[in-house]
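> Working from the sequences, and respecting the hints, build out all of it.
Heads up, the sequence shown is in the UniProt record's numbering, so the first residue is 1 and it goes up one at a time.
Calculated from the structure, these hints are not laboratory results. Heads up, the beta-carbon is just placed ideally off N, CA and C, and yes, glycines get one too. Not one of these hints is a red herring.
Just the calculated beta-carbon pair ranges, DEER-fashion:
(1) 103 x 449: 55 to 61 Å
(2) 339 x 422: 43 to 49 Å
(3) 233 x 394: 32 to 38 Å
Listed next, the in silico SDA-like pairs over lysine to any residue satisfying Cα-Cα at most 25 Å (straight line):
(4) 333 x 299
(5) 338 x 85
(6) 127 x 262
(7) 331 x 266
(8) 386 x 423
(9) 438 x 360
(10) 438 x 357
(11) 386 x 363
(12) 438 x 418
(13) 281 x 314
(14) 438 x 464
(15) 372 x 428
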Amino acid sequence: MKPVVLAGGSGSRLWPKSRAALPKQFLALTSEQTMLQETLQRLEGSSAANPIVICNDAHRFLVAEQLRQMGGEHGGIILEPVGRNTAPAIALAALHAMQTDDDPVLLVLAADHLIKDSASFKAAVAKANELALAGKLVTFGIVPDQAHTGYGYIKGGEALGVGMQVDEFVEKPDLATAQQYVDSGNYFWNSGMFMFKASVYLDELKKYAPEMYSICEQAIASESKDLDFIRIDPEIFATCPDDSIDYAVMEKTELAAMVPLDAGWSDVGSWSSLWETADVKDDNGNVIVGDAILEGVNNSYINAEERLIAVVGLDDVVVVETKDAVMVANKNKVQDIKNVVNQLKAERRPEFEFHREVFRPWGSYDSIDNGKRFQVKRISVKPGEKLSVQMHHHRAEHWIVVSGTANVTIGEKTQLVTENESVYIPIGDVHALENPGKIPLELIEVQSGAYLGEDDIVRFSDRYGRTESK
Numbered sequence: 001m002k003p004v005v006l007a008g009g010s011g012s013r014l015w016p017k018s019r020a021a022l023p024k025q026f027l028a029l030t031s032e033q034t035m036l037q038e039t040l041q042r043l044e045g046s047s048a049a050n051p052i053v054i055c056n057d058a059h060r061f062l063v064a065e066q067l068r069q070m071g072g073e074h075g076g077i078i079l080e081p082v083g084r085n086t087a088p089a090i091a092l093a094a095l096h097a098m099q100t101d102d103d104p105v106l107l108v109l110a111a112d113h114l115i116k117d118s119a120s121f122k123a124a125v126a127k128a129n130e131l132a133l134a135g136k137l138v139t140f141g142i143v144p145d146q147a148h149t150g151y152g153y154i155k156g157g158e159a160l161g162v163g164m165q166v167d168e169f170v171e172k173p174d175l176a177t178a179q180q181y182v183d184s185g186n187y188f189w190n191s192g193m194f195m196f197k198a199s200v201y202l203d204e205l206k207k208y209a210p211e212m213y214s215i216c217e218q219a220i221a222s223e224s225k226d227l228d229f230i231r232i233d234p235e236i237f238a239t240c241p242d243d244s245i246d247y248a249v250m251e252k253t254e255l256a257a258m259v260p261l262d263a264g265w266s267d268v269g270s271w272s273s274l275w276e277t278a279d280v281k282d283d284n285g286n287v288i289v290g291d292a293i294l295e296g297v298n299n300s301y302i303n304a305e306e307r308l309i310a311v312v313g314l315d316d317v318v319v320v321e322t323k324d325a326v327m328v329a330n331k332n333k334v335q336d337i338k339n340v341v342n343q344l345k346a347e348r349r350p351e352f353e354f355h356r357e358v359f360r361p362w363g364s365y366d367s368i369d370n371g372k373r374f375q376v377k378r379i380s381v382k383p384g385e386k387l388s389v390q391m392h393h394h395r396a397e398h399w400i401v402v403s404g405t406a407n408v409t410i411g412e413k414t415q416l417v418t419e420n421e422s423v424y425i426p427i428g429d430v431h432a433l434e435n436p437g438k439i440p441l442e443l444i445e446v447q448s449g450a451y452l453g454e455d456d457i458v459r460f461s462d463r464y465g466r467t468e469s470k
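Right under this line is the structure:
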């Protein structure tokens with residue numbers, strides 16, 4: 001069994017925590033581990049091979065770092081040059097898997113789902129494996145505990161040993177229809193998780209979406225390795241139809257089967273779902289994460305990242321605080337957060353894409369202050385890592401080392417800069433920063449100049465293969 005973890009997506013419904021550069025699958029929302037790491041940990045103790053992970057090109061270093069923290073073993077990190085939904089992504093994974101394995105059974109998982117009962121999940125996977133080996137395309141139907149209008153539904157049919165046939169896939173219903181589905185006992189939430197032999201999926205995709213199959217086959221044929229990553233032909237893949245596995249294959253195939261899953265599942269699709277699934281609530285039904293004082297507050301979700309939050313006399317609210325934004329919403333209106341995100345994007349505000357603290361393959365930086373012609377950052381460089389050799393047209397920089405040792409190159413000169421020492425990089429000078437030590441390098445960077453944007457970088461060489469300002 002080879003897991004395929006889909007780690008794309010922007011997660012805009014969980015703004016301000018989740019942003020384009022750091023979406024929810026890479027955040028620790030339900031435990032100390034990120035959701036991607038929880039997904040992988042859920043497979044421990046099973047017969048699963050090293051997972052294939054599929055992600056956006058922009059998130060590749062996040063994936064690699066979070067895998068490294070768990071031991072680093074994987075069956076390939078496939079980079080999508082553009083998003084084309086789940087059907088093509090799974091096709092790429094299936095085609096790649098068959099290059100090295102003799103028609104493996106693929107377990108397709110989303111990187112951003114919550115499953116509380118790992119034992120029940122593994123039991124359902126074992127049942128699905130039987131059906132997959134028999135040539136079925138298996139989906140996992142979540143046993144519903146309420147009439148939920150935010151999920152699609154699957155109607156179960158005739159028994160198939162450890163599972164059942166799929167009679168129908170149903171779009172998200174209104175509340176009355178959802179209640180009828182739940183009362184009938186024949187309908188299940190559509191989890192978006194699947195299991196099948198690679199060849200069976202590819203055969204059905206070729207039958208029902210031949211253009212998509214052909215494009216994916218051509219795109220993966222010219223795959224290349226870049227560090228830990230697998231790159232496919234971007235121009236070919238950009239022509240691929242954009243479609244989900246449900247629409248492209250599952251709703252059309254005669255091989256669809258389902259295994260019921262009752263394991264405390266949630267797609268964590270909104271802040272209210274984090275309130276619903278929380279294991280601990282106070283006596284007034286509140287979920288509190290971080291430093292908060294509540295007075296006369298009921299059935300609310302409060303998440304404080306950096307500062308004290310005080311809430312008085314409110315019911316059914318969500319309050320989320322980060323270093324650079326605070327979001328307050330009625331718990332029943334949190335789906336409208338996407339409208340705020342769309343406005344941030346339209347206005348080209350940085351809060352749409354980045355947090356104040358931004359992670360890079362070499363470490364991170366935190367923009368702690370800024371003004372009209374200056375910006376102050378706290379920079380952390382991991383041991384042995386190096387920033388690109390670069391220059392800036394519009395800004396000079398001062399670096400003050402707080403802890404650790406920096407190996408600094410300015411023009412033709414290289415020098416060691418240690419704690420409480422500083423160095424100045426004039427506008428236009430080619431420079432580089434490296435941490436040659438065994439502990440993290442922490443420094444304060446003061447930028448000054450007419451333009452301080454991150455795109456004012458001319459990169460001459462970079463060990464991470466980056467060609468843009470990231």
